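Undergrad: From first to last, the protein sequence lines are chains A and B. Per my numbering, residue 1188 is the first one in the first sequence, and the count goes up by one each step. Per my numbering, residue 1188 is the first one in the second sequence, and the count goes up by one each step.
Please keep in mind that the hints were generated in silico from the structure rather than gathered at the bench. Being a predicted model, the structure only gives us computed values, none of them experimental. We treat Cβ as the ideally placed atom computed from N, Cα and C, and that holds for glycine. Don't take every hint at face value.
To be verified - Reference listing, derived: stretches of chain A covered by chain B, where coverage requires no fewer than 3 residues with Cβ under 8 Å from a Cβ of chain B:
#: 1; segment: 1196–1203
#: 2; segment: 1344–1353
#: 3; segment: 1395–1406
#: 4; segment: 1430–1441
There are 2 protein chains.
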Amino acid sequence: MTTEQQHASLDVVLVRPRNPLNIGAAARACANFGFTRLTVVDPYDPTWRAACSAVDAEFLLASARLTSTLAEAVATATLVLGTGSVDRRKSEQPVVALPALAPVVAQELAGAGRVALVFGSEKHGLTREDLAWCHQLVAIPTSPLQPSMNLGQSVAVCLYELATRVPAFAGDNHILPADTAASLPAPDPADTHPVMQDLDRLASLIEETMAAARYSPASMRAANEHDLRLALRRMAFTRHDMRRALGLFRRILWRIGH
Amino acid sequence: MTTEQQHASLDVVLVRPRNPLNIGAAARACANFGFTRLTVVDPYDPTWRAACSAVDAEFLLASARLTSTLAEAVATATLVLGTGSVDRRKSEQPVVALPALAPVVAQELAGAGRVALVFGSEKHGLTREDLAWCHQLVAIPTSPLQPSMNLGQSVAVCLYELATRVPAFAGDNHILPADTAASLPAPDPADTHPVMQDLDRLASLIEETMAAARYSPASMRAANEHDLRLALRRMAFTRHDMRRALGLFRRILWRIGH
């Protein structure tokens, strides 16, 4: 199965959104994380028209699907996940915390399943009736002082988690896998570390400068030189930095000498 | 250290936001994930007033800090992280993918450090000038077809990642730990990062030294200062190194002056 098909096997479903900005924000989050299937259930009609006419949203919403019921929206899914904040309700479904969701989704996709991720309206979230269509409830861990998230932000957070931590999604070449550190383009040679002999040359110049400027008493010299050598190795000099530093200390020595 | 104090050791910094809705959304994301420190740098003035007068935003923005420069906003931070999408620019800073960021932040907090997470304006993100204040660039992995995220959504995604995957934040009873990493040993205070204002003090001293030593023509000064700021942030100065370096350059300046 290709990545495109994998990304297509997740449906983002918005139930009765009221605010056109939130529909646009949800569509943008889908596009940001490479998900292509957005379904809007029973939108407040002026909202839908406003969302569709918003700048830039046309492209994002053109392929969105409209349904009148949640049942219809999730009809072809094999796993339906409702979203909410943990403490909003006593759930009748099993609750999985968002940071622990990836393996659940990965397993479903491995079995050629289809996953629907369902978001409720801004005011009330998913109703008990909506939740009856859900196998599990995904809890975004939020502070008890402000548990309720903005709709567009909660869509973004959920899709970020899945795009980076479900291997089938993260394997796409443009989404960096979570566990491996960012694989970066090969650095410019000027950005690579200087050879050790340049570090030692710099250390010598700084020592000479310290002596010329009478930075410390002679009795401290050995200890200072030791610390300096350690410090220079710890610092991530590039070759470019090294050339600058050598030039600067040569110049300083010349000035002090005149 | 209690969780509240830990949450207080991360600053969210918005640079020149234009849209009041985005300021409100960023403030809400902070509250959702238990972060209490929000700084807004040089907001477009009508924007700031509109954001503050928006429904529900008063409570969230009441404790926000306003500064006129990014330098001021990050003055007491020990690690400054810029945010952006990977492919927007060839970075002059090391890039870390957001899913790999938690250990970096955890280590900084273990050393009693303060982290600033910096977001650029809606239109252009962080400028090259802004990025010169950053040690590292955090890349949110997004699709090349739609790499640019909404400001409020990118704040939410970053704070979700840190709130759930940095043990010091996730340890709070309401945020479920993603995978409990071993607690890091506390480093020697002398080995921890210096605060930004010390780095800036050193940068100023070196600039003065360059001028006093006539290191380069005046026409090169701005470029040199930019490079110097980048280089100092890349180098892993400890507080101890910093004291030495400040002392040395003060001494050099004094010698050149006599």
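Undergrad: Can you give the numbers of the hints that this structure goes against, from lowest to highest?
TA: 1
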